[in-house]
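S.K.: The hints should help you fit chain B with the ligand onto chain A, whose structure is shown.
So the sequence lines, in the order shown, correspond to chains A and B. The numbers in the numbering used here rise by one with no breaks, and the one at position 872 of the first sequence is 872. Just so we're on the same page, the numbering used here is the position in the second sequence counted from 1, plus 1000.
Keep in mind the hints are simulated off the structure, nothing from the lab. Think of the CB as a built atom: it goes at the ideal place given N, C-alpha and C, for glycine as much as any other residue. Treat each hint with caution, since some may be false.
To be verified - Label-pair distances were calculated between CB atoms; the ranges are:
| hint | chain 1 | residue 1 | chain 2 | residue 2 | range |
| --- | --- | --- | --- | --- | --- |
| 1 | A | 871 | B | 1005 | 34 to 42 Å |
| 2 | A | 833 | B | 1040 | 29 to 37 Å |
| 3 | B | 1016 | A | 809 | 15 to 23 Å |
Stated by the list, open to error - Straight-line Cα separation of at most 27 Å, DSSO-like style, residue types lysine-lysine; simulated pairs:
| hint | chain 1 | residue 1 | chain 2 | residue 2 |
| --- | --- | --- | --- | --- |
| 4 | A | 723 | A | 749 |
| 5 | B | 1053 | A | 111 |
| 6 | A | 313 | B | 1053 |
| 7 | A | 88 | A | 293 |
| 8 | A | 723 | B | 1042 |
| 9 | A | 726 | B | 1053 |
| 10 | A | 497 | A | 586 |
| 11 | A | 293 | A | 43 |
| 12 | B | 1038 | A | 730 |
| 13 | A | 605 | A | 586 |
| 14 | B | 1038 | A | 726 |
| 15 | B | 1053 | A | 392 |
| 16 | A | 723 | A | 711 |
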Amino acid sequence: MEFVEKVQNDYRHHIAGRDEILAMKAKHKVLASYSYEPTVIDKGYNSRSLYISVGGSFDTSGQDPLTSQVRGDSGVVIGEKAVTELMKEKFVGGKGFDLYHLWRAVGDSTKWNAPENEIVISPGPLCGITQYPGSGKSLVVAISPVTGLPFDSNVGGYFGPFFKFAGFDALELQGIAEEGIVIYIDGNNHTVSVETAPDEAVDSHILCEQLHEMYAENDADKENISVIATGRAAEHSYVGCLNFSFWDKRRNCARIKQAGRGGIGTVFRHKNIKAVVVRYKGVHGDLNNPSKKGLINAAGVRLHTEMATLDTKQNNMRKIGTANIIEVMDAYDLLPTHNYRYGAHPETPKIASKVFIEKYVTQNVPDGCWFGCSMSCAKAADNFELRTGAYKGSKVCVDGPEYENAGGLGSNVGCFDPHWILEANFYCDTYGVDTISHGTMTAFAQECYQRGLFNLDDTEGLDMRWGNGFTLNELMHQMVAGDGFGVIVGKGVRQQKRIFAERFGKPSPEFESVLGGRAWQSVDEPVTDKPIPTAFFNKKLTDCEFLKSEGYDDEKILGEIKGTMLENGGANNDSAFIAAPARWEKIEGIPTISREEIAAWPSGKPYYSDDPDCAYTNGRPWVKMTPEQVAEMEDFGMENKGLEYSEYLMKESLAQQGGYALCNKGPQHDEAWLIFMDMVNNQIPTFEDKAEALHYFPMFRTWFGLLGLCKLPWNDVTPVNNKYEKEPAKIPEHVQNYFDIYEGVTGFKHNEASMVVQSERVYTFQRIFILRMGSGQRIHDKPPRRSLGPITVSEYESRAERYDKQMKETIGIDPAGKSVEEKVSITMDYRWDQFRQLVDAVYKRRGWTPNGIPKLEKLIEIEMALPELVEVIRPHLKAEGYWPTGSEYAKYDA
Amino acid sequence: MTGQTIMLNNRVYPYTEGLTITSLLAENRYGFSHIIAKINGKVIEDELWPDAKVSAGDNVELIHVFGGG
Ligand code: SF4
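Excised from the complex, chain A in its bound form (with noise of 0.2 Å):
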């Protein structure tokens, strides 16, 4: 017990005792409450799934009909699906049930704020394993609001193995509830509920808090609780994350694991969910009941004995998790920079996952995000004292950092500080955003102004700047409020490539004069790029003379700090700005024009419009940025279908560049990670074994998502045995494993190639998704320039040797003489055209056409020739050419 002592956790003066929470419980409406009978879980599956509309309406012919339901109040509606022989055989469960209902819910142009969008969440059928690590997983879906596509994402927490036991295999959340609202299912008693629940907290760290209070019988229970909550900045931001609770019982608090990706959390905010709610009590090895239960627990022991044997020698996971990558990363080359400009940094060693376990990170502690799992990876600093934001002051407990914390609030926005990095990895998660979009899409708007594209006057005030950990946080605490810069960045980057060359160009000099005799602040040269000191964010700043007294002597910045005035503008931070200038008043005979207009309105002469997506304004006139301008931008916005890319370099590896742009919901690298294999082994040199890896990993990776099971034992340890394997990069031995689990719990034997086929049926399905709500073409696999080498000057000449030798010895052209201007465009043209036959070949090893589109002969081939996913690839292959002429495909011609 020494270890609860020294937690002190506190934050509990935000959190109500149990007298206010009953009372705030009290004041729940019950808008619909629903029965249902328990089941016994048969291999895996209960064979039915759970359908919630929290209100609102909309088209519901197309989905599965409700074999009971009840209807409540303010259009709530709770029924049951059964779940198919269909969806097992084609669909399995996890990822592919959640797209199996999406599809079914929406239409081909339904957007991510529509009422009929679902939520979509499942835990697989090996979910709830207690025996082997890793076995406790959900996946959730819905339609995105950075890609406007299905999007998938992957989350530990207990919520889905205890809505599993709870009785259910999937659970759909469509509609809009009226006002904020919480379900609870209650797995033991067997109902379900929809509640309203005006008092409650939003933000995820006090509301999992005060969930698991209420509705626990006493201190024991709160670990039979599980809840999904996001927080406020979902409200306003597009990369809204879910947090899926479990009760830490050693820390006595909850602890909270991130869907993280795609903005599920922002649809979730926008249904007015405050959080679904599960309890079960009861949990035991067999649940499932398994069909051969001896395999499981001989598949378990062998993984946790290498845990116990191995983890210190190999990953560290148990003390530091996946940050105990930080340095390697950096040694490679391969840790994101400035914006994915470079792969390491001199100031990697202050963030180095050293510093973290020595001075941050609780050790010793069984941090496991599902029972059994040895791999204990779920690491937390405690008692983080935070500097800024709604809680400043707060002694929190921060889940991480994980690897991609570090480097996507780290060094890919230049910041250097574990402590900044902890502060935003914990707003990340109670505010409800994506930490690996937040670095990215914050590394892009530094980028931007460092380069002159915008300046003070557009970020009010914000010095945009690599390395300040205070604007990390601080554009997080403004899109709580609704009010800011923050705003437009936590649009996520291709919103902010598109809003930022809408409202950021600079008046051409005849408009000069319409500006009311207000000066336009601009920007001409690139500002220096250089950090600037965090402490001088404070509001004793009254203008640049303090600066200069604190021998702060950038010219630039201060050149453009001095005659604003210095204001508390910041949301909910009383330290917000270093200098605030004033909002702008409206303009006399500057025109309005509609949305509509804006394309064909000319560069450089200011105009007034609204935007629906992006309602903050400093009321600045707009003015589009030049042609060259907006182009800039597209070579290094890291986004791809509108997701930011995660935090790994992948200039270097070209299967990697293609396991990123080639992703069907956007750069996640949870597809494919092959750039050791690609890039340092070289095992996969010609463009075909590249294109087989990228065949093989995504599929062996989908299936993790289609069972409930946690990709890290796969290769966070690695059998002693493993270097004599003719194919070590696959972890053969653990494979077998989950083979074994696998049959251990449905009784089917399985082997590489039918896993394969299982996982092709739902990536297919997925990639025809997409084609039918507007993507999935080559087109869309296209990624930034930058993504595929470098790209300036600098880059270039950062790691001039490599890339001089790469032009003489791999293209073929003598470096001597030439520019280096010539040379990156040598450089960047071979690596378009590279890509291009990477993307030949991929398409080609997946059964696709050179458009990217699946062919019928594919569909035939994995038993997934659907009438509805034929229906969309049809005009396609026949557009292209691509459909088969033989008399046996007549069929799916009608």
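M.R.: Below, chain B with the ligand without anything else, positioned relative to chain A:
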């Protein structure tokens, strides 16, 4: 420099006198904790790396086993 070479991870690499697995790892700054070393297809156990001599013309593989987050 002798002008002689080895193959390292399928790429031509200069051979120098006294080359071992350990020195190759150091030269290439391969500090990752989980690397499989092979000389001419034969696995070299970790504890033998300092003495595992590499000869000119050898095919050396230093395979990093890591599949990403
Ligand atoms: S390996 Fe880590 S993320 Fe995966 S289940 Fe275990 S604790 Fe959770």
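S.K.: Does each hint hold? Answer for all of them.
M.R.: Taking the hints in turn, this is what the structure says about them:
Evaluation of the 34 to 42 Å hint for residue 871 of chain A and residue 1005 of chain B yields a failure: the beta carbon distance comes to about 58 Å. Checked against the given bound of 29 to 37 Å, the beta carbons of residue 833 of chain A and residue 1040 of chain B, roughly 35 Å apart, stay inside it. For residue 1016 of chain B and residue 809 of chain A, the hinted distance range of 15 to 23 Å is satisfied, since their beta carbons lie about 20 Å from each other. Only pairs whose Cα atoms come within 27 Å are accepted, and residue 723 of chain A paired with residue 749 of chain A is accepted, the gap being roughly 26 Å.
Proposed proximity of residue 1053 of chain B and residue 111 of chain A is contradicted: the alpha carbons are some 63 Å apart, above 27 Å. A distance of roughly 24 Å separates the Cα atoms of residue 313 of chain A and residue 1053 of chain B; the hinted pair therefore holds under the 27 Å criterion. Distance check on the hinted pair: residue 88 of chain A and residue 293 of chain A sit about 21 Å apart at the alpha-carbon level, within 27 Å; holds. Restraint check for residue 723 of chain A and residue 1042 of chain B: satisfied, since their Cα atoms lie roughly 10 Å apart, inside the 27 Å limit.
A threshold of 27 Å between alpha carbons decides the hint, and for residue 726 of chain A with residue 1053 of chain B the separation of about 23 Å falls inside it, so the pair holds. Restraint check for residue 497 of chain A and residue 586 of chain A: satisfied, since their Cα atoms lie roughly 24 Å apart, inside the 27 Å limit. Annotation: proposed proximity of residue 293 of chain A to residue 43 of chain A holds, straight-line Cα distance about 10 Å (limit 27 Å). Restraint check for residue 1038 of chain B and residue 730 of chain A: the C-alpha separation of about 17 Å stays at or below 27 Å, so the hint holds.
About 15 Å separates the Cα atoms of residue 605 of chain A and residue 586 of chain A, which keeps this hinted pair within 27 Å; it holds. Between the alpha carbons of residue 1038 of chain B and residue 726 of chain A the distance comes to roughly 12 Å, so the proposed pair stays at or under 27 Å and holds. For the suggested pair residue 1053 of chain B and residue 392 of chain A, the alpha carbons sit about 59 Å apart, so the restraint of at most 27 Å is broken. The suggested pairing of residue 723 of chain A with residue 711 of chain A holds, with an alpha-carbon distance near 20 Å, which does not exceed 27 Å.
In this structure, the hints that do not hold are numbers 1, 5 and 15, in rising order.
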